[in-house]
Amino acid sequence: MPNVAIIGGGIAGLACAHRLRELSAHPERSEGSALEFKIFESGPRLGGPIETEKRDGFLLEKGADSFISEKPAALRLCERLGISSTVINTEENNRRIFIVKDGRLVSLPEGFYLVAPGKVRSFLASPLFSWPGKVRMLLEPWAPPKYSADEETVAAFLRRRFGTEALARVGQPMLAGIYTGDAERLSMNAVMPWFLELEKKYGSVTRGLRKNLKDKKRDWDAVRGPRYSLFLSLNEGMGALIRALVSKLPPESVFLNCRIKNISYDHEKKVWVLLDEKGTRHTADAVCAAVPPRAAGDFLNIHNQLNINELYHFEYESLAAIHLAYKKEQFRRPLSGFGFISPRLEKNPLIACTFSSQKFKNRAPEGFELLRAFVGGAFGKNFYEKEDADLMGLVGENLSALLGIKGRPVFSALHRHPRSMVQYTLGHRSRVEKIREEARRFPRLFFAGSAYDGVGIPDCVKSGETAAEEIFEGETYA
Numbered sequence: 003m004p005n006v007a008i009i010g011g012g013i014a015g016l017a018c019a020h021r022l023r024e025l026s027a028h029p030e031r032s033e034g035s036a037l038e039f040k041i042f043e044s045g046p047r048l049g050g051p052i053e054t055e056k057r058d059g060f061l062l063e064k065g066a067d068s069f070i071s072e073k074p075a076a077l078r079l080c081e082r083l084g085i086s087s088t089v090i091n092t093e094e095n096n097r098r099i100f101i102v103k104d105g106r107l108v109s110l111p112e113g114f115y116l117v118a119p120g121k122v123r124s125f126l127a128s129p130l131f132s133w134p135g136k137v138r139m140l141l142e143p144w145a146p147p148k149y150s151a152d153e154e155t156v157a158a159f160l161r162r163r164f165g166t167e168a169l170a171r172v173g174q175p176m177l178a179g180i181y182t183g184d185a186e187r188l189s190m191n192a193v194m195p196w197f198l199e200l201e202k203k204y205g206s207v208t209r210g211l212r213k214n215l216k217d218k219k220r221d222w223d224a225v226r227g228p229r230y231s232l233f234l235s236l237n238e239g240m241g242a243l244i245r246a247l248v249s250k251l252p253p254e255s256v257f258l259n260c261r262i263k264n265i266s267y268d269h270e271k272k273v274w275v276l277l278d279e280k281g282t283r284h285t286a287d288a289v290c291a292a293v294p295p296r297a298a299g300d301f302l303n304i305h306n307q308l309n310i311n312e313l314y315h316f317e318y319e320s321l322a323a324i325h326l327a328y329k330k331e332q333f334r335r336p337l338s339g340f341g342f343i344s345p346r347l348e349k350n351p352l353i354a355c356t357f358s359s360q361k362f363k364n365r366a367p368e369g370f371e372l373l374r375a376f377v378g379g380a381f382g383k384n385f386y387e388k389e390d391a392d393l394m395g396l397v398g399e400n401l402s403a404l405l406g407i408k409g410r411p412v413f414s415a416l417h418r419h420p421r422s423m424v425q426y427t428l429g430h431r432s433r434v435e436k437i438r439e440e441a442r443r444f445p446r447l448f449f450a451g452s453a454y455d456g457v458g459i460p461d462c463v464k465s466g467e468t469a470a471e472e473i474f475e476g477e478t479y480a
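Numbering of the sequence shown is given in the numbering used here, commencing with residue 3 and proceeding in unit increments.
Hints listed in this document are in silico derivations from the structure and should not be mistaken for laboratory results. We put the CB at the ideal spot given by N, CA and C, even for glycine. Please note that the accuracy of each hint is not assured.
Simulated pairs of lysine-lysine, PhoX-like, Cα-Cα distance not exceeding 20 angstroms [as the list claims (entries may be wrong)]:
1) K388 - K349
2) K202 - K213
3) K148 - K203
4) K40 - K250
5) K56 - K363
6) K349 - K383
7) K40 - K263
8) K408 - K329
9) K40 - K408
10) K330 - K408
11) K349 - K103
12) K56 - K272
13) K263 - K280
14) K280 - K40
15) K213 - K203
16) K363 - K330
17) K363 - K329
18) K103 - K148
19) K136 - K103
20) K121 - K213
21) K121 - K136
Pairwise CB distance ranges (calculated) [stated by the list, open to error]:
22) H269 - L416: 45 to 55 angstroms
23) G281 - E472: 29 to 39 angstroms
24) K330 - L277: 18 to 28 angstroms
Please construct the entire structure, taking both the sequences and the accompanying hints into account.
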């Protein structure tokens, strides 16, 4: 019976396994020809960074707290798993975010799409930008196009089209909130390709957005800011998605605390041979490497049989997530909104902070608020490297100053994610294509995960499912 080795038990690896199971169970598939699979996970649990912890009525997300419906892979997976009834939307009354300016929180103007102002009146009334900055942003439709074919960074694009202030006040912190990266190094065609397409087609990002909204009979309210209504989660947290996926797996298919040391291809027997750290030998007809690229490079290159150097050319940043719980009466003003992002020029150690109890229901008991702050990334390495107690104290002090909090938190919890945030730097797309081109020299070798085609949960789900479908479609060995 054909079998597949899935290396890595994060969301991409689990999505690959689940999709293989679905395809194998198709009624038109002949009896006895089902694909078997094994998941090799180096850690003690499945799910990777996605993990939900319940503590005294609070719901703590150690990893991602949501996914977007605009990319449908994650939502469709929930539907097929039978958990769509537990999917929840953001709290409608709190759909706004803040930007830190001069040590205080300023609301992002209505109708603002990333760095593109939509509602002129609310934009002009906002204290977030200076008048010269506002004029420069409104002149975007008349900014000249880029004539060079050279790849452009996100910073260069936003500066060219919207101006330096738009980049510094909104563009850089928005990107830092997603990638924890430096916009001066991130690739525009890997991170925001739709803005490039709008410029190419309409000569202007703003003009293109307006045209698309008009064609779809929508208005700027439908897409304002980060389009808050598109963010979804699960009633019991994102860990419920992992539990649902794991519940569908045959127990004998999961190998925990099993790190694959090297793999090689046996051309004579036409199988992949995997060796784990304990010296156990495994064979597979196909392999899905759903681990970070460097880890894949380590076990693929051991025999110099498949030397994909590009797997070592990805950069990563580290991130710390700090949960802090408070009583509502500790806040000088009631919380309202989903949270804030902090521009680098504010010299604040925080990248961003989510007001978890305001963003989704059932995140904190009645009478309490739950915050989740982020530290680290491209510009916060010195803060990330602090001792746990010092880091949590620093975060608490800054939140107290920004939000008017009196007293210490009821509790705080720190979760570190070392070298976890992949950076889509210049050359990212060509790097990914080279990896896939090299992999095609060997039969049935596939890659999945956040390092290739998107960092969000839907992107990871899609990458795992795509690998499963390619394995299934190319199954000439059944």
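Taking the hints in turn, this is what the structure says about them:
| no. | hint | result |
| --- | --- | --- |
| 1 | K388 - K349 | 17 angstroms, holds |
| 2 | K202 - K213 | 14 angstroms, holds |
| 3 | K148 - K203 | 13 angstroms, holds |
| 4 | K40 - K250 | 13 angstroms, holds |
| 5 | K56 - K363 | 14 angstroms, holds |
| 6 | K349 - K383 | 13 angstroms, holds |
| 7 | K40 - K263 | 16 angstroms, holds |
| 8 | K408 - K329 | 10 angstroms, holds |
| 9 | K40 - K408 | 52 angstroms, violated |
| 10 | K330 - K408 | 10 angstroms, holds |
| 11 | K349 - K103 | 11 angstroms, holds |
| 12 | K56 - K272 | 47 angstroms, violated |
| 13 | K263 - K280 | 9 angstroms, holds |
| 14 | K280 - K40 | 17 angstroms, holds |
| 15 | K213 - K203 | 11 angstroms, holds |
| 16 | K363 - K330 | 15 angstroms, holds |
| 17 | K363 - K329 | 16 angstroms, holds |
| 18 | K103 - K148 | 31 angstroms, violated |
| 19 | K136 - K103 | 15 angstroms, holds |
| 20 | K121 - K213 | 15 angstroms, holds |
| 21 | K121 - K136 | 12 angstroms, holds |
| 22 | H269 - L416: 45 to 55 angstroms | 49 angstroms, holds |
| 23 | G281 - E472: 29 to 39 angstroms | 31 angstroms, holds |
| 24 | K330 - L277: 18 to 28 angstroms | 55 angstroms, violated |
Hints 9, 12, 18 and 24 from the earlier list are contradicted by this structure; the remaining hints agree with it.
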